[in-house]
Amino acid sequence: MSYLHAAYAATWIIHIIYVGILVGQYSRVRREIQEINNKGR
Amino acid sequence: MKRIFPILGLLTAVFLSYALYLALVVAPTEQTMGDVQRIFYYHVPSAWTAFVLFFINFAASVTYLLRRSAKADIVALVSAEIGVVFCTVVLVTGPIWARPVWGIWWTWDLRLTLTLVLWLIYVSYLVLRKFSTSGQTPQVAAVLAVLGALDVPLVYFSIWFFRTQHPQPVVGGGGSIDPVMLHVLLMNWAAFSCFAALVFWSRYRLETLKREVEETQAVEALLETPRSVR
Numbered sequence: 001m002s003y004l005h006a007a008y009a010a011t012w013i014i015h016i017i018y019v020g021i022l023v024g025q026y027s028r029v030r031r032e033i034q035e036i037n038n039k040g041r
Numbered sequence: 001m002k003r004i005f006p007i008l009g010l011l012t013a014v015f016l017s018y019a020l021y022l023a024l025v026v027a028p029t030e031q032t033m034g035d036v037q038r039i040f041y042y043h044v045p046s047a048w049t050a051f052v053l054f055f056i057n058f059a060a061s062v063t064y065l066l067r068r069s070a071k072a073d074i075v076a077l078v079s080a081e082i083g084v085v086f087c088t089v090v091l092v093t094g095p096i097w098a099r100p101v102w103g104i105w106w107t108w109d110l111r112l113t114l115t116l117v118l119w120l121i122y123v124s125y126l127v128l129r130k131f132s133t134s135g136q137t138p139q140v141a142a143v144l145a146v147l148g149a150l151d152v153p154l155v156y157f158s159i160w161f162f163r164t165q166h167p168q169p170v171v172g173g174g175g176s177i178d179p180v181m182l183h184v185l186l187m188n189w190a191a192f193s194c195f196a197a198l199v200f201w202s203r204y205r206l207e208t209l210k211r212e213v214e215e216t217q218a219v220e221a222l223l224e225t226p227r228s229v230r
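Protein chains in written order, with my numbering: chain X, 1 to 41; chain S, 1 to 230.
Hints are computed from structural coordinates only; laboratory data are not their basis.
Please note: incorrect hints may appear among the correct ones.
As the list claims (entries may be wrong) - With beta-carbon atoms standing in for the labels, derived distance ranges: (1) S/Lys71 - X/His5: 38 to 48 Å; (2) S/Trp105 - X/Ile16: 38 to 48 Å; (3) S/Phe162 - X/Glu35: 17 to 27 Å; (4) S/Thr133 - X/Val23: 19 to 29 Å; (5) X/Ser2 - S/Trp106: 15 to 25 Å; (6) S/Gln168 - X/Gln34: 47 to 57 Å; (7) S/Trp160 - X/Glu35: 52 to 62 Å; (8) X/Glu35 - S/His183: 44 to 54 Å; (9) X/Val23 - S/Val123: 18 to 28 Å; (10) S/Gly135 - X/Ser2: 43 to 53 Å; (11) X/Ala9 - S/Val219: 44 to 54 Å.
Stated by the list, open to error - Simulated pairs of lysine to aspartate or glutamate, EDC-like, Cα-Cα distance not exceeding 16 Å: (12) X/Lys39 - S/Glu214; (13) X/Lys39 - S/Glu220; (14) X/Lys39 - S/Glu207; (15) S/Lys130 - S/Glu214; (16) S/Lys71 - S/Glu212; (17) S/Lys210 - X/Glu35; (18) S/Lys71 - S/Glu220; (19) S/Lys130 - X/Glu35; (20) S/Lys130 - S/Glu207.
The model shown is predicted, which means the values in this text are computed figures rather than measured ones.
We treat Cβ as the ideally placed atom computed from N, Cα and C, and that holds for glycine.
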């Protein structure tokens with residue numbers, strides 16, 4: 001793999017990992033909101 | 001809101017793809033470095049985006065210290081976090097460019113060292129926010145952010161006022177650049193800025209939801225405590 005492709009791939013890997021972490025946190029918060037709503041009923 | 005987000009996401013993805021096409025196909029090949037120079041179209045916009053985010057962090061931290069606004073605190077946290085992501089891209093793509101051009105991955109040059117220090121300052125800011133349980137954490141973090149922001153102009157102007165191994169500025173500072181290269185550079189910056197804005201929006205919403213959930217759980221815990229005491 002050329003240096004150019006390595007740099008571009010590294011950039012997107014970093015961004016995808018971060019977005020993946022955010023998606024994981026989102027689903028955890030949604031689950032917690034669901035639990036709170038269920039308790040409230 | 002739920003409908004706008006996917007549309008903006010799709011538009012940003014199209015814009016980023018177009019910017020990638022410009023960087024790989026439309027931009028002319030640099031004569032001395034060849035294709036490896038195209039790393040510049042990701043490295044420089046990422047650095048500029050990180051600087052903008054750190055400036056937002058600085059402004060939000062000052063606002064928080066003056067008004068104790070919860071929104072300013074969230075903006076400060078979110079901008080620092082996304083700024084660190086873009087700064088990480090800068091610190092990774094820089095050495096990948098340096099290896100074939102300079103023959104080394106890293107050198108303790110002023111620009112490079114100050115950028116690493118900048119990254120470490122904001123990583124410590126995030127570590128403080130994540131692990132400190134003190135009620136004064138937002139204030140302490142805001143002071144750290146204001147002091148940390150002093151490094152941003154040092155990083156930016158280090159190549160203007162000092163002799164460093166890092167290439168001289170291509171925009172301003174007496175540097176020159178091919179108009180097509182400049183166009184591709186600015187388009188990539190615009191695309192990455194749109195991406196950063198979208199991530200910022202999502203992360204802001206996530207942080208707001210997290211705090212609401214924490215508050216609700218705290219209230220529930222308070223209401224349940226007397227029952228367990230009995």
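A quick look at each hint next to the structure:
1. S/Lys71 - X/His5: 38 to 48 Å: Distance hint for S/Lys71, X/His5 holds at roughly 41 Å.
2. S/Trp105 - X/Ile16: 38 to 48 Å: violated, 23 Å
3. S/Phe162 - X/Glu35: 17 to 27 Å: With a Cβ separation near 56 Å, S/Phe162 and X/Glu35 fall outside 17 to 27 Å, so the hint is violated.
4. S/Thr133 - X/Val23: 19 to 29 Å: holds, 27 Å
5. X/Ser2 - S/Trp106: 15 to 25 Å: holds, 20 Å
6. S/Gln168 - X/Gln34: 47 to 57 Å: Since the Cβ atoms of S/Gln168 and X/Gln34 sit about 55 Å apart, the hinted range of 47 to 57 Å holds.
7. S/Trp160 - X/Glu35: 52 to 62 Å: holds, 54 Å
8. X/Glu35 - S/His183: 44 to 54 Å: holds, 51 Å
9. X/Val23 - S/Val123: 18 to 28 Å: Because 22 Å falls inside the window, the suggested range holds.
10. S/Gly135 - X/Ser2: 43 to 53 Å: Because 51 Å falls inside the window, the suggested range holds.
11. X/Ala9 - S/Val219: 44 to 54 Å: Distance hint for X/Ala9, S/Val219 holds at roughly 46 Å.
12. X/Lys39 - S/Glu214: holds, 15 Å
13. X/Lys39 - S/Glu220: Roughly 10 Å between the alpha carbons, so the hint for X/Lys39 and S/Glu220 holds.
14. X/Lys39 - S/Glu207: violated, 22 Å
15. S/Lys130 - S/Glu214: holds, 14 Å
16. S/Lys71 - S/Glu212: holds, 13 Å
17. S/Lys210 - X/Glu35: holds, 14 Å
18. S/Lys71 - S/Glu220: violated, 24 Å
19. S/Lys130 - X/Glu35: Roughly 24 Å between the alpha carbons, so the hint for S/Lys130 and X/Glu35 is violated.
20. S/Lys130 - S/Glu207: holds, 12 Å
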